[in-house]
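> These are the residues of each chain, in order.
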Amino acid sequence: MKPAGSPALFHQTVAALAAQLEARQLSAVELMRAVIARTEAVEERVQAFNSHDAADALAQAAASDARRAAGQARGPLDGIPVGLKDVIAVEGQPLTASSRMLANFVSPYDGTAARKLKAAGAVCWGRLNLDEFAMGSSTENSAFRTTRNPWDLERVPGGSSGGSAAAVAAGEAIVSFGSDTGGSIRQPAALCGIVGMKPTYGLVSRYGLIAFASSLDQIGPFARTVEDAAIALGAVAGHDPLDSTSVPVEVPDYRAELAKRRGPWKLGIPKEYFGAGLDPEVGAAVEAAIGHYRKLGCQVREISLPHTKYAVGAYYIIATAECSSNLSRYDGIRYGHRAAGAKDVVDLYFQSRAEGFGAEVKRRIILGTYVLSSGYYDAYYLRAQKVRTLIRRDFLEAYKEVDAILTPTSPTPAFKRGEKAADPLAMYLSDTYTIGVNLAGLPGLSLPCGFTRDGLPIGLQIIGQPFAEAELLAIAQAYERDHDWVGRHPEL
Amino acid sequence: MNYEAVIGLEVHVQVRTKSKMFSRTAAGYGLPANTLTDPVVLALPGALPVMNRAALDQVVKAGLLLGCEIAAVCKWDRKNYFYPDSPKNYQISQYDQPICAGGSVEIELPGAARNVMGEHKRIPLTRIHLEEDVGKLSHDAGGSVIDFNRAGTPLMEIVSEPALRSADEAFAFLTALKAVMIYGGISDCDMEKGQLRCDANISIRPAGEAKLGTKVELKNLNSISFVRDGIAHEIRRQLAVAERGGTIVQETRDYDGQTGASQSLRSKEMAHDYRYFPDPDLMPVRVDEAWKARLRAECPELPFDRQRRFLERYQVPYTITSVLVPDRELGDYFEEVAQLSGEPHLAGNWIINTCLQFLNDGQLAGVPDLRTKIPPARAADFIRKRAAGAITSAAAAGVSSAMLTGTASTDEIIKAQGLDARADAGELEQWCRDAIAGNPKALADFKSGKESAINGFKGPVMKAAKGKADPRQVDETLRRLLAQA
Amino acid sequence: MSQVPDLDLDQVARLARIALTPEEKARFSAQLGDVIAYIALLKEVDVSGVEPTAHAFPVSNVWAEDVAQPGLPVEAALRNAPARRDNLIAVPKVVE
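Protein chains in written order, with the working numbering: chain A, 105 to 596; chain B, 5 to 489; chain C, 3 to 98.
These are computed hints drawn from the structure, not numbers from a lab.
Fair warning: there could be bad hints in the mix.
Claimed, not checked - Here are the computed lysine to aspartate or glutamate pairs in the DMTMM-like style, where the Cα-Cα straight-line distance is at most 25 Å:
1) B:K83 <-> B:D203
2) C:K27 <-> A:D527
3) C:K45 <-> A:D482
Start from the sequences and build out the full structure, keeping to the hints where you can.
See below:
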């Protein structure tokens, strides 16, 4: 029985719901029914999901209730509806990458993230929309549908994990997971007014994540609060022998660590991130947030990340090179879309890929193929990897002086559908604040820090030291504790 | 104009491991189609590679056996190209930092006669690296079909310098390489099972010229003999082109071992641009001294080294070593028996003639079975008794057969079979007298100084003795009697 | 490299095995031309003596022991196959 005046179940946090589930005030099936009902009520407008299976979700919820009744509840995520970006493999569920190429693909295996979430008792609820193959910053590149920003249905939710962000903002999932290669969790989190986090590269296994750029991709959580993000991250973090790039580090109890870390901290503000192109309202909200940290006793100083302006260029060389190779497997031979009437196998490749991939994916494959091709490798790929070393060094130098770095997440709030779609370069440049973090392999989090006059969310990015997620979450929570952006919900 | 042929070989050897190179599904051959797959093998969305540690051990061992430099650090690269048998449409391989560099293979060319050792040469290698195998593409009435069981199996690519000069040398190279791989337990190199594959690069140039001629790549050489025949054919073809003043075209040709003809493979629309780059999914490999030392300790003696040692130390004939050496376990067995018995010649002969017969006709299941049924100590005891004459050559076969079943000692077997060669002295004396009496001509020849006439008596004595007489005793007895006659 | 190298779109699309329509070629040519011009910015960085980032956290010898584990049953392996004959993946005839 929920206390009078409390928010609807689908707007509550994992922490609050877990307490009610544990106290038997609520059952997982009831919770799942509430989330399903909410989804049915708003999904036609939000379009966050590629697919969902209510019957399957309720069966998972019932299993959770049975576990709890038997005294075998598995932790705070047991029975919680968790949405998954449609690039995270769950056995028996569709795995489409929002692409025609995989429109009918059903995964025969669980990736590690799915396996761990199931082990935590989470209800794997639905397949969330994204920019096709995670390539984009607005979710407009999905082959199936355009997800709308719940705060303003004419605007984009950000991308590429737009569906994952919109679902949590709209109450269609309690938490969700996305993937972040150049900002694809943090930017949609900012545009949708929720918390989104990209862990340090290597913290979360990529086994079962459809690869976009292997050296940049990470799975990470979307949540309404920092505490929820800590819980969600803890469920999937940790070394995985199936991922050679996964790092053998001790994974602390992130939620428990929050209470132990109170600061104050030394925070850096990179001057290169506050120049031209930054929307004044976004700038003002971020400045206000920085001011709040000062009030909390943090030392805030200006730092320089001198190679910032090369980040987008380096990224688009490295990421497209890697993805051009990672997407070669999508050829219609063993699975995926196969063109009809191909006269021979060579024709089959050309036609299946032409029909299966959307324009942005094709562009990036072409660009990546080009930068790796004979005669261009040294000038582009090799050079970009060296510039990447310099970008990483900039951050590590800064970390000799500061504990974390604060920046805006996105230079603008959510833009209108279609506004940037015709100009790929403009779209790429909107990643400018998030992209360096992936190149350097660092953890980054976006936290709501205000709204524009038009009611659009604004996000503050906090960038942490390698494998210092516990500290990063604590810094975020210090701000969150004194603000109630999370209490505001989109009107749907 | 005198031309010389210049040949380089690119050999792919499947490494023997339990699981695949980048995932832990079992490696295997001959199993039902597509039963040895997993998300990594099939390149499903989200799959990632993880190195097989044993495959690395095997390639380092191969490098040590072949005298290569083992790289202190090496990495993995993606070789990007599209083909239906290649699930990822890139192959994980090693481009500019292979695990082994240099090294060489000692080869033996055919000798003048069967029992004479041929000329030995060392063929330098360029490199050895590890990569993964692809699936098996076959054609049927409806089109083509693919079985991915083989995909992902660890494969060593061994590249020789263009240092071979004839088809015979190429044959010798592959034979020798195969022997080393088998000795090292690295691969069985069974070409029928696809465990060894070879492409050849062949060019010709005027004798004495240092610059290489245009090379032609020969593919689809399905047996070591076809490699030799295909290369010989291609050399002849190139010579014919040169002799009529034509130009040799750089191309890939397909050799048909059955017909003995080759043809140009449909040239691809463009040259391959493999767009190599370091594989971001895999970490580099560092081989330190401790690792090398551990594997060095496991390295067996090389086949030719063993052969030379057997020849020198045991003075066994070349033909015998040629049979003892290729099977490492058989050679090990020989050596133990030779050392324990002190009679390497007899031991060698017995193994080649008797034991191999048992192996061939199925009475023994393999050399380990030989070792179990006739442990070296038991065999050595038998050999020593042969040497002492306690078992005659005629009796040897019976005793050997008896040793296959049961564990009786040679003495017990001799007694049981009534093979005691020490015939009754009295009986022997009588047989000798009878033989002398029965051959007056031989007696006369012997008395007139013809030594060899004594052999005329030995036959009848042995016949009477039913092979149980000790030849030395027979000789002694005859001479004593003849002296008195 | 003093100017933007030409993007031979036909060649690159062929390497990538994607059949582009004439309209796509025209559009991509312009769009990618802009991107390539932008990424050429990197040439002004002094990278002398800088190692390329191979991996963010350099570890080596990441491997698994050679123990065979069960893989996918053949039905699961082929469940998404566009065409099959018996338990083999079927494709149009491949001309070698």
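> Now tell me if each hint is right for this structure.
How the hints compare with the structure:
Of the supplied pair hints, the one linking B:K83 and B:D203 holds, its CA atoms being roughly 18 Å apart against a limit of 25 Å. Taken as a hint, the C:K27 and A:D527 pair is honoured in the structure, with Cα atoms around 16 Å apart against an allowance of 25 Å. Our distance criterion of 25 Å between C-alpha atoms is met by C:K45 and A:D482, whose separation comes to about 11 Å.
Violated hints are absent here; each numbered hint is respected by the structure.
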